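For the protein sequence lines, the chains are C and W, in the order given. For what it's worth, full-length UniProt numbering labels the leading residue of the first sequence as 1, then goes sequentially. For what it's worth, full-length UniProt numbering labels the leading residue of the second sequence as 1, then goes sequentially.
Calculated directly from the structure, the hints in this document are not laboratory data. In this text, all values refer to a predicted model and were calculated from it rather than measured experimentally. Beta carbons: idealized from backbone N, C-alpha and C, even for Gly. There could be a bad hint or two in this list.
[Claimed, not checked] Per label pair, the in silico range of CB-to-CB distance:
| hint | chain 1 | residue 1 | chain 2 | residue 2 | range |
| --- | --- | --- | --- | --- | --- |
| 1 | W | A53 | C | K219 | 27 to 37 angstroms |
| 2 | C | Q132 | W | D8 | 57 to 67 angstroms |
| 3 | W | L93 | C | Q184 | 10 to 20 angstroms |
| 4 | C | E106 | W | A121 | 41 to 51 angstroms |
| 5 | C | T187 | W | E68 | 17 to 27 angstroms |
| 6 | C | G110 | W | L86 | 36 to 46 angstroms |
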Amino acid sequence: MEWTSYLPPLLQGAWVTVQLTVYSTILGAVLAFAFGIGKLSNNWLIKGVSIGYIEIFRGTSLLVQLFWLYFALPIAGQAIGIDLRLPPVVAGVLALGLNIGAYGAEVVRGAIQAVPKDQYEAGRALNFTPRQAMWRIALPQAVPEMMPTFGNLAVQNLKDTALVSLISLGDLAFRAENIRNFTQDSTTVYTLVLFMYFGMALVLTAFMKIAERSVGRWKTAGR
Amino acid sequence: MLFGIHWDTSSDLAFAASILPILLRGMVITIEATVLGFFIALVLGLVLAVLKAAPTRIVSWPALVVTEFVRDTPLLVQLFFLYYVLPEYGIVLPAFLTGALALGVQYSAYTSEVYRAGLEAVNRGQHEAARALNLTTTRTFTHIVLPQAVPRVIPALGNYLVSIMKDVPVLSVVTVLEMLNVAKIIGDRTFNYMIPLSMVGGLYLILTILASAGVRYLDLKLPKIGIPLK
C-alpha cells in the first residue's frame with residue numbers, strides 16, 4: 001500500500017489528538033490557577049485540599065490516573081450506587097487535565113511567590129483589598145513569568161495525549177497501531193506519526209510563543 | 001494467580017493483602033526499568049550535549065534537531081517505533097530492554113539540556129582565570145568547570161529520575177510486567193480494578209515521595225560552590 005493512503009485515517013486521528021490537547025490544556029490551566037492560588041491561601045482547608053491535589057497528581061503516574069478513572073472509578077461508583085462510568089473521551093480529558101493542572105499549579109504558585117513583597121505593600125498602602133492585590137497587582141505580573149513553563153507543559157500535554165489510545169480512544173497513536181496491525185508496515189506508519197506529532201508540537205510551541213509575547217507587556221518595567 | 005502467588009477474594013482487605021506481594025514483584029521491575037532507563041539517558045544525554053557544544057555547525061545542528069524531535073514526540077510512539085522497527089533491521093531486543101531504551105532515548109533529550117545549562121552556568125570569569133593561571137583546556141574542564149557544574153546538575157537530573165519512574169507504566173503496552181501492568185492483569189482476572197489500581201497509585205506516591213526526599217537531601221548535602229578536589 002502507498003504511504004499516502006495512510007494519511008486520511010491518520011489525519012482523523014490527529015484531529016482527535018488536537019481536540020484532546022485543547023480541552024485538557026484549558027481544563028489544566030483552570031485547575032492550575034485554582035489550586036496554585038489555593039496553595040497560597042490562609043484558609044487551612046483550601047490550602048490542604050490544594051496540597052493534596054498537587055501531591056497526588058504529581059506523585060503518581062499519568063497512566064495510573066487514566067486507568068484509575070476509566071477502570072476503577074466505575075466500580076467505586078457502583079459501591080456507592082452512582083453511575084460513574086465515564087466515556088473514554090471524558091476520562092481522557094479529565095486525567096490529562098488533572099495531571100497537567102497539578103504541574104501547572106506549582107508553576108502558578110512559584111510565579112506568584114516571585115512577585116516582590118513590596119508590590120503587595122504598595123497595594124496595601126493604596127488601600128487595595130487582598131483580593132484586589134492578588135488579581136490586579138500580583139497576577140498580571142506573575143502571568144508573564146509563567147508563560148515559558150506553560151509552553152513546555154502544553155507540549156508535554158500534547159505528548160501525553162498519546163496515552164489515551166490505551167483506553168481505546170481513536171487518537172493519532174491509536175490509528176497508527178490499527179494501521180500497523182493491518183498492514184505490518186511499521187517503519188512507514190510510525191515514522192509518519194512521529195513527524196505528525198513533531199509538527200503539531202512545533203505549531204503548539206509557536207502559539208504559546210505568541211501568547212507569551214502578548215502577555216509580555218504586563219511585565220513591570222523595573223524587573 | 002500471578003508469579004505463583006494466589007489471591008484471596010474473600011474480603012477486600014484479604015484481597016489487598018494477598019495481592020501486595022504480587023504488586024511488589026511488579027515494583028521491582030518498575031525500579032529496574034527506571035534505573036536502566038536513567039543510566040541510558042545519562043550517557044546518551046552526555047553524548048548529545050557534547051555534540052551540541054561542538055564548534056562546527058555540521059555536528060551541532062543535527063544534534064539540536066534530534067534533541068528537539070525526541071523531546072516533542074510522545075514516549076508511547078517512540079516505544080512502538082523501537083519495538084516494531086528495530087526487529088525489521090535485525091535488532092531483536094527483549095521487551096524490557098526496548099522499553100528501557102525508549103525511556104533512555106526520550107529522557108536523553110532532557111538530560112542533555114541539563115548538562116548544557118550546568119556547564120553554561122559556570123561563570124565566564126572562571127574560564128578566564130584558569131587561562132590566566134596557564135591551565136590547559138583539559139585541566140580547566142576537569143578541575144575548574146566540572147566541579148562547579150556537578151552540584152547544579154545533580155538535583156535537575158534527580159527530578160528526571162522521578163519523571164522516568166512515572167513513565168515506566170507506558171512500557172506495559174509492550175508486555176513489560178511492571179507494577180501497573182500487574183495490577184491491570186489482576187483486575188482483568190478478578191473484575192476488581194478498584195483495589196489493585198488504587199494500591200498502585202499509593203505505592204507510586206510512596207516511591208515518588210521517597211525519591212523526591214532523596215533528591216532534596218542530595219541538593220542540601222552537595223556543596224553550593226563546587227566539589228573540592230584534592
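Evaluated hints:
Between W/A53 and C/K219 the Cβ separation comes to about 31 angstroms, which falls inside the hinted range of 27 to 37 angstroms. At roughly 59 angstroms, the beta-carbon separation of C/Q132 and W/D8 lies within the given 57 to 67 angstroms, and the hint holds. Checked against the hint of 10 to 20 angstroms, the C-beta distance between W/L93 and C/Q184 comes to roughly 19 angstroms, which is consistent with it. Between C/E106 and W/A121 the Cβ separation comes to about 22 angstroms, which falls outside the hinted range of 41 to 51 angstroms.
Our hint of 17 to 27 angstroms for C/T187 and W/E68 holds, since their Cβ atoms are close to 22 angstroms apart. The hinted range of 36 to 46 angstroms is satisfied by C/G110 and W/L86, whose Cβ atoms lie roughly 41 angstroms apart.
Checked against the numbered hints given earlier, the structure breaks only hint 4 and satisfies all the rest.
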